[in-house]
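Undergrad: Next come the chains, spelled out residue by residue.
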Amino acid sequence: MTVTIKTLNDLVRPPTAADSPMATQEYFVNMGPQHPIAHGSLRLVLRLDGETVRQVIPVPGFVHRGLEKMAEHLNPRQIIHLTDRMDYLSALMNNWAFSKTVEKAAGIATSARIETIRTLMAELQRLQSHVLWWGVLGMDLGALTAFLYGFRDREIIGRLFEETIGARLTMNYIQPGGVMYDIRADFAAKVKELIKYLTRVIGEYDILLSGNAILQERLRRIGILSAERALSLGCTGPVLRGSGVPYDLRKVEPYGVYDKVEFDVVIGTQGDCWDRYCVRIEEMRQSIRIVEQLIDAVPEGPHMVMKFGAKIKIPEGMHYGHLETARGVLGVLLVSDGKSDAPQRVHFRSPNFNNLWAITAIAPGWRIADIIAIQSSLDLVIPDIDR
Amino acid sequence: MTDRLPAIVERVPGGAILVTSLDALMNWSRSNSLWPLAFGTKCCAIEMLMATGAPHQDMSRFGAEVARQSPRQADFMVVAGAIVKKMAPRMRMLYEQMAEPRYVMATGSCAISGGPFMYNSYTIVRGVDEIVPVDVYVPGCPPRPEAFFWGLLALQRLIKQGETIGRPGIRRKPVLAALPQGITIEDIREEVRRVLEEENVVDVAHEAHAKIWTERVKQWMAKHLYKP
Amino acid sequence: MDGQALVQAVIGLGLGARNREKVDRPALEVSPENLPALAKRLRQDPALAFDMLLDHTAIDWLAEGVFELVYNLYSTVHGHHLMVTTRVPRGSPVVPTVSDIWEIAQWQEREVFDLFGVQYDGHPDLRRLFLEDDWPGFPLRKDYTDEDMLRLPK
Amino acid sequence: MGLMTILAAAGPWPVKTVAARAADALPGSLWLSVAYMAIALLAVAGLVAVLGMGLIYFERKVSGHFQCRLGPMRVGPHGILQTVADTVKLLIKEDIIPQKADQAMHLVAPMFSMAATVLVLAVLPYSPVLQIADVNIGVLYVTAVSGLGVIGILLGGWSSNNKWSLIGAMRAAAQIISYEISATLALLAVVLFAGTLSLAGIVQSQADGWWIWRAPGVGLLAFIIYIIASTAEINRTPFDIPEGESELTAGFHTEYSGLRFSFFFLAEFINMFVVAALTATLFLGGWMPFMIGGLETFNGVMALVPPSLWFLLKTAALVFVLMWFRWTFPRLRVDQMMRLEWKFLLPIGFVNLTAAAVLVLFNAYFFSGR
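Protein chains in written order, with our numbering: chain A, 1 to 387; chain B, 388 to 615; chain C, 616 to 769; chain D, 770 to 1139.
To be clear, the hints were calculated from the coordinates, so they are not data collected in a lab.
Check each hint, because a few of them may be wrong.
As the list claims (entries may be wrong) - Here are the simulated DSSO-like pairs of lysine-lysine, each with C-alpha atoms no more than 30 Å apart in a straight line: (1) D:Lys1112 to B:Lys472; (2) A:Lys6 to D:Lys932; (3) A:Lys311 to A:Lys339; (4) C:Lys637 to A:Lys307.
The whole structure should be built from the sequences, with the hints applied where relevant.
TA: What follows is the structure in structure tokens.
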């Protein structure tokens, strides 16, 4: 068996001088790592024929910090803060995914109140993340006003987090055995106010962007990802649902209190950018629905079943847990030898990692400008890819 | 010749006044027109570059909303987020592509020191000051948008007192944003000024060539970039 | 199909699969030689229909001198999970690729190659993923040393 | 009943452009002629500076308020000195010429861009007495000169030796040249109505009613086509494809810094003014006041407002509309933009021109009392 190991340079050869000086040549262009579309730092090497994209070679790793190596030296409580810094736009859900795995492994049972608070917060965060995505999509497609509207509303949701949690972005809130702080007395009233506001502004979003002929022209029938291809590429979240596969862990394997609330799994029909756009817009409405059902139904009880700082003993073996973040399935593989505090191996199956590669399947044949639309519709968070 | 002109003018009777007032105009304009280069790699990019431009914070009040994507047109680089070894030469390249006068603001603990990834991470660069000279540090993980404005105002103050056309290419070194608790920059102003004037003045032109990273970038470019 | 039945069904295929203990979900162990055949079967058998490779990674068992490769499968048709593991010696870690069965494996395998140095036979594009092409060593191995890496003081 | 009647009643106006004065003076005194030209030059230079800074400030404020922000606030009261600071900074910023760039071309490209814009300012009729030169082929001159701007963009993109710049420049060339056809067709409709190519003549032909509504339907359609085509010609959203920040980093001026970048930047904003001013001149009656036939008191009040203020108001309103476009619409894709031009605007433009010719033939305007 011989295995050939390549380098990027093997792929990215400059085109050789053609026989005729007038012949057209394919050429390579680097999109990123410092590029507005990089959303962080992703490098897309584009093989172009004029404006048409022939091939996309994503080169991740510009924020690869080695979280998995770091996690091998930390105890489960300390690893929580690393999960914040993967997909920072769904930090709470990342916390939850890890806590869920640890709880399942160590056999920690939580109370109904804790699960309700977690679900509530996760849905608010999903709203925040989608609102931000909507703004960024607007910016990428040239509608800067959408960007600022999106951030205005993100800020309004963020204030609620700040009041409860004390952090704006990297929350470190959901811990094994509970949540860090209890919700405040006026939380319910504020959330209701927020929901009223958000219902109104999502309508505004439709007026400003969704109903715009130019936006629809930019998204409809662009970047079609078939369901088979999406599954084979391991895409999850709105990307997979946009292709018409109703795979949502909140429904398929309910966690938290998702089995007690009513909501619909939103799916698209064609798998184009417009479907992915609509899925996210509709998911915002579904999140509002979930929050509406839960906000008055938070049971009484403690917000933490474990003593804070108590050691967590993870039994020997492999433990796997996953849940649905705003971008797809975040899986946590936790391997412990049963002796040391620190796990033997922690692996995060990040949704963006798999979603990123969809771009290699979608992009060929479209224009440079469509790459922007496609990448925006995939809603990638680069540090989550790189970890 | 143009470099020496201000020094010559200064010796002419009345020339010093001219140079000083030109200095004032220059520093006023530079400090009030800071266009950021959006160099966000991680979480801080959301807070430092996007949320600061958003309606609730609004960095356009300071005239800093003209975020340029091309380093040629930017005035200061906001390093928002962790820099890893793969990114480091690219970042240095971006810095060298910026036109003088250029400033660097390191925001967030990752950019300042490696922050939460300081230990056991095999790729992190512990502080961007290893790569580029940093003017202002804004601590936090991530810092609040208000902290960004603190940094922006600190940078403005630095520019206002720091530069003179009498010595082009020379500019003062960092003001530290993270002072011990209870001490403001006003308290140690004299001290800072003395230190800055005596020892900590950097020759930008010299520094750009002496920096170890310039060499590294050259090597890196030779290895990774094609010569047509 | 519930977990145990699924495991028994796959073992019954006669591809050298055996139960993998100490995993909190249905899990199998298979030898590297049998991996492609089993993977193909898992993907194509309509009763199994594992159409999604959710996750693929490796675990470095330094004491035993092996890398354990983990394939986490899911079927959207039947809604069941299966974890398939295989062990390769640390000295010459070469396994056949499954990237022709699940497209995403191509990049997941590249990640494992990048961080563990496991080589995939038949992989169309085996390159470093996160690190530069000339990075020395494979950082997620337990015996990886890097003079630039700070150890957390006790 | 129009302004010209009022003007005629008030006696002969000294309608004489600077160029005409210079030409008159030339046989007798060369120096007087040169002095006139110098005055014109200074006036244009001043106009460029004031317009550039004013429009950038206006744009930033408008965009701010569109986006629930405030816009510049800190430099001077309400940030009015913000663009002054920006300008001074750009003037003294390092001017980088990339090593592998085509250096000479890199140097001249922004000047081309700027010059093309500034030249148009010379023929605009700001008021009956304020016009530097009334060229008798004014419309032709404007289309010809503003077409030069694309050379600057093309040169800049080409000489930068940067792929993004080149893509941007190529897009710009395709876009500007395509949309120029539609813009010119829309202008031709007005030329047909007015029967003259001189801009001052076109303004005077609207004394009885502005062309936008005086020619039923045709004027309005020509106006809409011209607004769309000229938005594309000056590379503003939704047609900012050559710059396309999120696609091409900064498009054709990616490699430009300092003063030379500010030339491109300034040219873009002055272009906006030029387009708005031309639209106002051709379709909205230029410096003519707004009057309604029969309402003598109302018309009297309107006539009190100085013509140059009328011109400025109309232009400002159109500039605001252009900004409104920019801060509302997403960006088109390059092929969609070309489709819009060649498949929609151009055929409609041709039909519209034909319709205009028919109208002129049968003299079927509104308010065609004279």
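Undergrad: Output the numbers, in ascending order, of every earlier hint that fails for this structure.
TA: Result: hint 1 breaks, nothing else.
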